[in-house]
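Chemist: Kindly generate the complete structure, drawing on both the sequences and the hints.
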Amino acid sequence: MRALTWHGSKDVRVETVDDPEIVNPRDAIIKVTSTAICGSDLHLYDGVIPGVKSGDVLGHEFMGEVVETGAGSSLRKGQRVVVPFTISCGGCFHCAIEQYSCCENSNPAEKQDMSATLYGHPMAGLFGYSHLTGGYSGGQAEYVRVPYSDVGPIGVPDHLDDEKVLFLSDILPTGWMGAENADIGPDDTVAVWGCGPVGLFAVQSAIVMGAAKVIAIDHYPHRLELARKMGAEIINFRETNVREALMEMSGGIGVDAVIDAVGMEAHGFAVDNMLDVVKQKVGVGADRASALKQALLAVRSGGRVSIPGVYGGMTDKFPLGALMEKGLQVRTGQTHVQKYTKPLLEKIEDGTLDTTFLISHRLPLEDAANGYRNFKEQQDTWTKVVLKPGMEH
Amino acid sequence: MSNSTRNRLEATAGIAVALGAAAIGAVAAKLQEGRSSDDAPGRTARRSFGKHAVTGRTVTIRKPRAELFAFWRDFTNLPAIMENVEKIAIKDAAKGLAVWTIKAPAGRTVEVETTIVREDEGQLIAWRSVEGSQIETEGRVTFENAPGNRGTRVTLIIAYKPPAGDLGRAAAKLFLREPAVQARHDLKRFKAFMETGEITTSARRREGTRAAKQMEAA
Ligand SMILES: NC(=O)c1ccc[n+]([C@@H]2O[C@H](COP(=O)([O-])OP(=O)(O)OC[C@H]3O[C@@H](n4cnc5c(N)ncnc54)[C@H](O)[C@@H]3O)[C@@H](O)[C@H]2O)c1
Ligand SMILES: [Zn+2]
Ligand SMILES: [Zn+2]
Numbered sequence: 001m002r003a004l005t006w007h008g009s010k011d012v013r014v015e016t017v018d019d020p021e022i023v024n025p026r027d028a029i030i031k032v033t034s035t036a037i038c039g040s041d042l043h044l045y046d047g048v049i050p051g052v053k054s055g056d057v058l059g060h061e062f063m064g065e066v067v068e069t070g071a072g073s074s075l076r077k078g079q080r081v082v083v084p085f086t087i088s089c090g091g092c093f094h095c096a097i098e099q100y101s102c103c104e105n106s107n108p109a110e111k112q113d114m115s116a117t118l119y120g121h122p123m124a125g126l127f128g129y130s131h132l133t134g135g136y137s138g139g140q141a142e143y144v145r146v147p148y149s150d151v152g153p154i155g156v157p158d159h160l161d162d163e164k165v166l167f168l169s170d171i172l173p174t175g176w177m178g179a180e181n182a183d184i185g186p187d188d189t190v191a192v193w194g195c196g197p198v199g200l201f202a203v204q205s206a207i208v209m210g211a212a213k214v215i216a217i218d219h220y221p222h223r224l225e226l227a228r229k230m231g232a233e234i235i236n237f238r239e240t241n242v243r244e245a246l247m248e249m250s251g252g253i254g255v256d257a258v259i260d261a262v263g264m265e266a267h268g269f270a271v272d273n274m275l276d277v278v279k280q281k282v283g284v285g286a287d288r289a290s291a292l293k294q295a296l297l298a299v300r301s302g303g304r305v306s307i308p309g310v311y312g313g314m315t316d317k318f319p320l321g322a323l324m325e326k327g328l329q330v331r332t333g334q335t336h337v338q339k340y341t342k343p344l345l346e347k348i349e350d351g352t353l354d355t356t357f358l359i360s361h362r363l364p365l366e367d368a369a370n371g372y373r374n375f376k377e378q379q380d381t382w383t384k385v386v387l388k389p390g391m392e393h
Numbered sequence: 001m002s003n004s005t006r007n008r009l010e011a012t013a014g015i016a017v018a019l020g021a022a023a024i025g026a027v028a029a030k031l032q033e034g035r036s037s038d039d040a041p042g043r044t045a046r047r048s049f050g051k052h053a054v055t056g057r058t059v060t061i062r063k064p065r066a067e068l069f070a071f072w073r074d075f076t077n078l079p080a081i082m083e084n085v086e087k088i089a090i091k092d093a094a095k096g097l098a099v100w101t102i103k104a105p106a107g108r109t110v111e112v113e114t115t116i117v118r119e120d121e122g123q124l125i126a127w128r129s130v131e132g133s134q135i136e137t138e139g140r141v142t143f144e145n146a147p148g149n150r151g152t153r154v155t156l157i158i159a160y161k162p163p164a165g166d167l168g169r170a171a172a173k174l175f176l177r178e179p180a181v182q183a184r185h186d187l188k189r190f191k192a193f194m195e196t197g198e199i200t201t202s203a204r205r206r207e208g209t210r211a212a213k214q215m216e217a218a
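Same order as they appear, the protein sequences are chains A and B.
Quick note: the first sequence, position 180, residue 180 per full-length UniProt numbering, numbers continuous.
Quick note: the second sequence, position 72, residue 72 per full-length UniProt numbering, numbers continuous.
Hints are supplied without guarantee of correctness; some may be wrong.
Stated by the list, open to error - Simulated coverage check for chain A against chain B, where a stretch passes if three residues somewhere in it have a Cβ under 8 Å from a Cβ of chain B:
#1 21–27
#2 90–102
#3 106–118
#4 135–146
Said to hold, decoys possible - Taking lysine-lysine and the BS3-like style, the derived pairs with C-alpha atoms no more than 30 Å apart in a straight line are:
#5 K103/B with K53/A
#6 K63/B with K342/A
#7 K53/A with K10/A
Note that these hints are calculated values from the structure, not bench results.
Cβ atoms here follow ideal geometry from the backbone N, Cα and C, with glycine treated the same way.
Modeler: Here is the structure:
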């Protein structure tokens, strides 16, 4: 089959690799009809996530048709499904309490040591995302082996196009959980850093959850415009002093909740961010956390901090004092996708949530490398890339 | 000393007595020393056990105690979850004798015969290699109810003495390489198998699984 493989920083290629097979009874094989490039993939593309090996197949946002099933799969051949990027066994303690992205069994035993050393506990398995998370072949391919297929994939009705439901795999639940973790009340002012796909879905979710005001922060005019169209007020951090603006826009109290939808590769000109850029480049690996640092200072005392943005390691000059002295509450994590797929599918069906506004480019899978480069370098206008195996150039 | 601590001590000492093996007895004694000042298991102490490697790990498995015990009690089930163990054959069920075939480098194998030294239904199984084995090893697995409906706490403790002889040493290197890592992986696979019915693998094809690779290396 054809698949997008990683070969090093800024080096991804579409190559021919072995087709997947049913390996375990609960597996299914999915023939991919649509698959997207995620901001998380850019962290791999930029080489700032450890444990990626040459030849690894990337991609964790995908959907398609079931073409093969193991004896223990609950899926049927021909069924159309969206697959969560988090692999969850359904049988462990964490799955039982719906903390699916903390599944204890989906990362193979012999692969758990690396993340356990880094974080104190192993990470769960994720598709197409480093050997820290199992080293599973990903969804930017013609076919994918989906383990524990009776727990993750959600069947979708034929009248909903791929583009309406594809993002149930990751970014829609991620934006939703990002907003849910901010514990939004009706009188709240909420600030969202980053107007990428995750930030935009967090904005949309916060509005649906009834926030009085949502303020979106980025420096790309087109992305900010998308946030404004959804009903957010916007701040361009290149033009405006973000913290001062947030204080004024929240009546001098500070925003009630902040959502960091930027993650470890924040852009910015603060001195410590520039230093972090250098350190990341020379491989001493400090996460660039300038958006999060700013958010911690901007949130009101006793406020809530939600972090859907991904961080992989350590960071320098972290405003720990602000966290403690202001009495903040922090919630974060890889998304517990399986918990949200059903309710969010309903919200797509009844029109509460729209996801299609986000897609700026549709490319054949063969052009995936091109898609990565542009999603990275033309962020303003390349808001989301959907790849289609077999699509004509 | 709390009651539960005393019980644990006795359990440990019990093995040593049953074995009558001076080397393992020394290990058991060291395990006890580690218990003097705090409530942590002796195996988590910041010191070594002389020539012996001792390691222990605990996992919580969301399954009833009896089911887990029954799986472990049948040693022929264990190669599926244990690193570098090719097969375990029951030699004499009544006497609890089993023969483990363990992978050694260059396609060779080593056999270790073990005997069950203690078995408490639903709670504990302890085994050790018989006199004259190429690898001197001892293992003990215990099953305790976890709080509420969290299932069962399973603790695996393995002790071994580096063997004499080239083949024995080579096999031990594989079999007992970093015993802490091995015990952890074995227990995690046990957990995955009992909770999911599968040994988790990220292989895209059957030939890429751990089991397939293990057969290949043999
Ligand atoms: N928690 C999860 O399960 C999960 C799932 C998917 C993605 N993510 C993470 O969410 C983050 C965002 O993903 P995405 O797909 O939207 O990525 P993206 O790269 O498309 O968007 C990031 C946006 O942040 C903006 N930005 C950069 N620095 C900023 C700053 N200092 N202040 C304000 N905005 C800033 C960028 O201009 C960009 O528009 C990434 O870290 C990604 O890894 C997490
Ligand atoms: Zn993603
Ligand atoms: Zn699980």
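Chemist: Take the hints in turn and mark each one as holding or not.
Modeler: Hint check:
1. With a threshold of 8 Å between beta carbons, the proposed coverage of the segment 21–27 of chain A by chain B holds, since 5 of its residues qualify and at least three are required.
2. Coverage of the segment 90–102 of chain A by chain B holds. Counting CB-CB distances below 8 Å, 5 residues qualify, and the rule asks for three or more.
3. Given a C-beta distance limit of less than 8 Å, the hint that chain B covers the segment 106–118 of chain A holds, as 8 residues qualify and 3 suffice.
4. Judged by the Cβ-Cβ criterion of 8 Å, the segment 135–146 of chain A is covered by chain B as claimed, because 4 of its residues qualify and three suffice.
5. At most 30 Å may separate the alpha-carbon atoms for a hinted pair to count; K103/B and K53/A meet this at roughly 28 Å.
6. With a C-alpha separation of about 28 Å, the suggested pair K63/B and K342/A falls inside the 30 Å cut-off, and the hint holds.
7. Distance restraint check for K53/A and K10/A: the Cα-Cα separation of roughly 13 Å lies within the 30 Å cut-off, and the hinted pair is therefore satisfied.
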